[in-house]
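Enquirer: Protein chains in written order, with the numbering used here: chain A, 59 to 425; chain B, 89 to 481; chain C, 4 to 545.
Treat the hints as calculated values from the structure; they're not laboratory data. Heads up, a few of these hints could be off.
Coverage of chain B stretches by chain A, computed from C-beta distances (three or more under 8 Å per stretch; other residues unrestricted) [to be verified]:
#1 305 to 317
#2 414 to 428
Quick partial rundown of chain A residues pointing at chain B, CB under 10 Å, derived from the structure [unchecked claim]:
#3 F217
#4 S218
#5 L228
#6 S352
#7 Q353
Over the 12 Å line for every Cβ pair with chain C, so calculated as not near, a few chain B residues [said to hold, decoys possible]:
#8 K197
#9 E246
#10 V460
For each residue, glycine too, the CB sits at the ideal point set by N, CA and C.
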Amino acid sequence: MEEKISSYELFSVIFLVPYGSAVFFFNAAEAEQSSWLVILIYIIPGLLLQYIYISLYRNYPEETIINWMVDIFGRLLGGILAILYAVYFAYIAARVFRDFITIIKIVAGFSNSVIILNIVLLGTVVYGVSKGVENMCRLASSFFLILNMVAIILLLLFFSTPNIVHWHNLLPIFPKGIVKPVLKSWRLVTFPYGETIIATMLYSKVNNQNKIKRAAFAAIIVEGVMLAFISICYIIGLGANFASKANFPLMGTLRLIRIAGFLDRMDLFIIVILTVNAFIKIGMFMYCAVASTSQILGIKINGALVFTMGVIISVAAYYIAENFIQHLYIGLDFTPKYIHFPMQIFIPVLALIVSHFKKGSRKKKLA
Amino acid sequence: MKEKLKKIASLFIIIGIMVTTTSCQSKVDIQDLAIVMAMAVDYNDQGKYRVVYQIFTASTFPGGSGVSLESSSGGVVVPTFQGIGGTLAEAMHDMEERIGKKIHFGQIKVVIIGQKAGERGISPIIDALSRLPEIKTNVPIYVTKGEAKKIITQKTHEDTITANVIDNMVLRQIYAGMHPVVYLAHIADELSSKHNVVPVLGVINTSEKINVSDSSIFKLDGMAVFREDKLIGYLDQKITLGYQYIKGDAKVFTTPVRLRDGHKATLRLHGCKSKIKTVITNGKPEVYINLDVKSILMDITGERDFLKNPELLQELESLHEKMVKDTVNETIRAAKEDVKIDFLGVGDVIYRQHPKEYEKIKDKWQELFLDVPIKVTVNVIVKDTGLLYKPIY
Amino acid sequence: MLSFSLIKKLLGRGGDKASSQKSSKAYDEGLRNSNENRPKDNDNTGGRKLTTNLQENEAILKQIFSNCFDFVIRDINIANNPAYKAKVMYLDNMIPQEILEDNVINTLTSSPAQGSPEPSNLEYTMSLLGIGFDNTYEDVNKVSEAITEGSVVILINGASTALVASMMNPPSRAIGEPEAEKTSRGPRESFIENLSVNVTLIRKKIKSVNLKTEMYKLGVETKTSVVICYMENLTDKEILQELKRRLDDIKIDMVLDANYILEHIQDQPLSIIPTIFQTEKPDVVAGKLLEGKIAVMVDGSPIALTLPATFSELMISSDDYYQGAIVVSIIRMARYFAFMVSLTLPALYVSLITFHSELLPARLVTTVVRSRATVPFNAMVESILMMVTFNILQEADIRIPKSMGQAVSVVGALVLGQAAVSAGIVSAPMVIIAAFAGISGLAIPELEMQRALIHMRILVLIAAGFLGLVGTTCAVLIIFIYLISQRSFGVPFMAPFCPVDFKAMVDTIVRAPIWMMKHKPYFTKWKEKVNRQEGKKPKGED
C-alpha cells in the first residue's frame, strides 16, 4: 500500500520534530541575551542542510536515504552506511525517548512508577506508528494548527500579565562582538536544525513532488523564527542569567502568568504539549528506524516489527545514561561532535559530491 | 479458543502490572496533602535555620473554617508547623514525619525571610526554592524586621489563612506600585547576574495598631537592600517611593502639596515613565534620569477656577514636580551615603547601554557610584481634576 | 506467555495466516453441517415445473404451503364460463381485499366484452389484467416465491404457466416524526418500514431522472429487498462499484435491519464508530445524495445508510440547515467543544486533583479540599462510580414506561446526587463533573457517537487515574490516531480535518451561508484505495 502525504503534512512534520524538544530548552545559551539572534542566523545553515538533502533526493527520486547510500557508494560500503543510518535513527529515538521520560518525570512529578510511564508512552507511540506514517503525519499537521492557536493564547496572556515583562533584559545585544557567540553555538546546526534528517525518509512519499522544496524551506524558516521568539520570551520574562541556569525555562516562564488572580498555572498546556510533542517526535524517529530496517531487510512494515523496534528503543533508552546529568553531558558534548555531525552533515555532503562525480562520469559515457 | 484465552490473559497481566506498580500508590489525593501556603525562614541563635509553614489541609471535623456546605462533609484546618535544620533544605523537610502528610509546595503564596536569615545570606534560600519542581516562579519574596515567624503565625480577622491576606496585599501593590514586588524569578536572576545588580526585596512588618478602630494587621514597609546576597539595610517608605519612581514602577499613590497661598492640595499619581540615559565622558559616567508623571487632583481648597485659568494647573504641576524630584534625590542620597551601594540599578543601565566601557569599570563600580552625578528631571502633567472643576470652598 | 503471533494479533495486523485460515475453515464446516441438518424446505423443489393440469398444480402448491393458515385458494370461472376453471392463490392480509375483488375477481369472472380474444386463451386473462409475459412463470420455485412476496397467482386449467399480479399492500404504520433526530424547524417526515414508501419519500425530494434506484435481494430466508440510491451524474463510480461488489459478497440467512447490511459493508468491521452514516429523515438523505453520496435502504428498517461518511457528519444535525448561518456556526463550535469536554472533563479533573494539584487556582483548592475531606474513595474510583451511575440512569430513562417518565429521571438524579453528597460518599464537585460530562455527551446529534463517547470517556479516565495528565493526553492521542486511521470506502474518516482541506471545511465547524456552499462531492479528492484489504473482511463468510 503506497502511503502518500501532502506537502503541508511534510511541512508540519519537519517543523514539529525538532521543535518538539527545542522549545523546552534555552537554545544557544552561550549567547545569553542575544540567543534569539543567533538562532535566526543559524536558519541559513539549516536551509543549506535541507538543500543538500533535497539535491540528493532529486538525483534519486522516489527513494529514501537508505537507497541513496547503496546507489552512491555501492553495495558493500553503501550497505554499511545504510545500516548505520538505521541504527542512527533508532539511537536518536532512544535518546529522545529518554529525554522526554526525564522531562515528564520532573515536570509532571512522577517519582516512582517510571515503568508505567515507559509502557504507556511507548505503547501509544507503537500504536501510532503501526497505523502507518500517513496517519501520524496527519495528526502532526492537525496538531500544528492547534499548537499555533495555543501559542497565540499563551503569548497574549504572557504579555498581559503585569510586572513580568522586562524588555530591557534583551540589552545589550552582542556585548562582546558577534563572531564568538555565533561560532560557539555551532551545535545549533545539529540540534534543532539537523534533526530534519528524518525528512530524507519522507520525501518519496509526498504526493506533490514540486512542492517539496517549498515545504521544507518554509518549515525551517518558520521553525527558526518561532524558536527565536520563544527565546525572547524567556529572556524578557526570566532574565538571561536565570534562564540559562534553569533546566526548563519554558515552565518557569509560563508559571509567571497570572491574570485576574485565577488564570494561574499554565502547566496544563505544557504537559499536554509535552506529551504530544514526545509522541510525534519519538514516533517519527521510530518510523524512520522501522522503515529503514524494513528497506534493508526487505520485509514489509507490520505491527510485529514496530513492536520489536519499540522494545529495543525503550531498553536502549534505559541504558544510554545513568542519570540525567550524564545524559545531558553526552547529549551536549559527545553526540553532536561524533554522531550528529558525521551523520547529518558529513556523510550527506560526501554523498552529494560523489553522486555529482558519478553523474558527470555517466554523462561523459553517454556523450 | 486458545488464542482468545491468551489474549484475555495478557490483558489481565498488563492490568495487573499497571495496578501494582502504578503511581496510584504513591500519588496522593489532594485532600491528603499538606499544602504549604506560606513559608517563613529564620535563623536562630543556635546557628540553625528554622522554617515555619502555614499549612492548609483537610480535616474530617465539619466546618473547620468558614462555612461548610453540607452537615457531614469535612472542613479544613490551617495549622502551622516548624522545622529546624542545619541547612535550609534540611529544615524544610524536617517536619515531614510530624505532619504525617505529604508536603506540597505547589500553592505557596509568599515566602518571608527573617532579619537574621537575610543577614546570613539569601542565596541558599533562593537556590533551594528554585530547585523544587512544583514551585511557582512568581512567588513573591519578602523580608521582615525581626523574626519571620511572627508574620505567619499572626491571626487575621478576615481569613484564617494568613497567606491569603498577604497575597491580597501583594496583588494590590502590583497595581499601586508603592513597594517593589519581587518574584522568585527576578531575585534568582539578580543573584545570578554577573553585573553587580543589587538584589532588593520588599519588607513586610506587622503594623502597630494605632487604636481600636484600626484593624490593619500587616504593613508593607519599605524595602531591604542586599550586598552580594547578604542583607545590609532597611530603607523606609519615602526612599522606597523614590526607588519605585526610578524603576518606573510607581503607579498610584498620593502626594500632598502646599500651594503658594497657603492652601493645600493633594495630587494622586497615575503612572510614571522613567528613562535613564547614561553618558560616559573620559571614562566617567553621568546619569540623567527623566521622569514623566501623570497625576490627577484629589482635593484642593481655596479660590481657583481651572476652567478660566488653565495655567493655574501649571502651579500644581511644578509643585508636584518639586516633590517628586525631592523624593528621588533623597533616595539617591540614601544610596550614596546611607547604604553606600547602588541599589537603583544604575550600573545595570550603564552595562546595557555601554557594555564595553562598563567592562572596564565593572570591578570598581560600587566605589565609583558614590561620585557619579545623577541629574533628575521630572515632568508632571495633571491629567484631570476629578468631577469638579472648581474647589468647593 | 506473550507469543509473537499473539502480539501480532493484538496489533491487528498480519496475523498468522495458517491459524486464521484454520479457524475460518472450522467455522465453514460448522455452517455446512448446520445447513445439512436443517429440515428440507421448498428450495429442494428446484427446477420443478407446473403442469397443465389445474388439480395437479393446486396440489403441488398446497403441499408447498402446507400448515399455512393464511394461504388462500379461490376457485373462479373465467368469463363466467364453467369450462374455463381457474384458481387464484395468495397470502391473506398481504392483498387488499377490495382491490382483489374489484380488479381481479370481478374482471375475470365477468362476461367477455366484444372484440376480446377467446377466453380459452391465456392472452385473454393477461390482457384483462394487464400482465405481461415477464410475469408469467413456469418454475414452481418462482411461483412460490411470488406468493410469499405478496403477489396474487392465477393458475388456469390447461396452461402450464402461472400468472402473477403484484398488488401487495402489507400493513404498515403511518409516516410520523423521527424518534431520534428531532428538529424544531424543517421537515419532520421520517422513514417507515416499507421500502417503496421510503424510496418514494426520496423521490418526492429529488425529482430528477439522474436519481437511480437499484434493487438487490439479500438474505436467504428473509429475501429482503435492498435498494441503492444514487445520483448518476454526481456519484463516484469507483465507490459505487465497490459497494456493489460488497453487497454481492453478502451471504447471510436473514437481513432484518439496516445494521445487518452495515456491518457487512463497513471498511473496518469491528470499529466502535460506524463509518457509515445512519439517518431516519428523507431530507437528510436527499441532501447527501446531492453531494454525491450513495444511500442504501433496507426493507423493514426505517433507517437509511449513506456512504461514504466522515466524522464531521456525525456532529451535524439536520436542523443546522434550517436556521441562520452565523447562529448555527456558533452552535456547531459549541458542539465540538462539548465533544472535547465530554471526553476529557472527568479525566482532567481526576488528574488535576490527584497528580497536579499545583495547577488548580488557589481558591478552588480550598473548595475541593473541603468537599473531599470525608470521601472514602480515591478520585479515580469515585469518578468511575459517578459516571457509571449516570450511564445507568440514562439507560433506565430510555426504558421507563411513559407514565413514570419524567419524575424518575430528574428526581432520581437529583436525589441520588444530593443524598450521596450529604452522606459523604462522593464529593459535590465530582457529581457536577460527571453530570456535566454526561450531558455534554448528549449534545452530540448522532446516537452512535454518544454511545462510543461513553466508552472512550472511561478509557481516558482510567488512563488519567494511572498517569495524570500524561495519561490523559496519551489516551486522547490513541483515540485520535484510531479515528484518523479509519476509512469509509477509501475516504479518510477525519477529512476534512485530517488531510487538512480548508475549502471543504465550510460545512464542518462553521456553516457557510447557503449561497456560499457548493455541494461538490469533496470526498473524491481525498479518496484513496477503495478496495477493502483482504485481512479486514468480516470473517465467517462462505
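Enquirer: Check each numbered hint from earlier against the structure, then list the numbers of those it violates in ascending order.
Expert: Those not satisfied are hints 1, 2, 3, 4, 6, 7 and 8.
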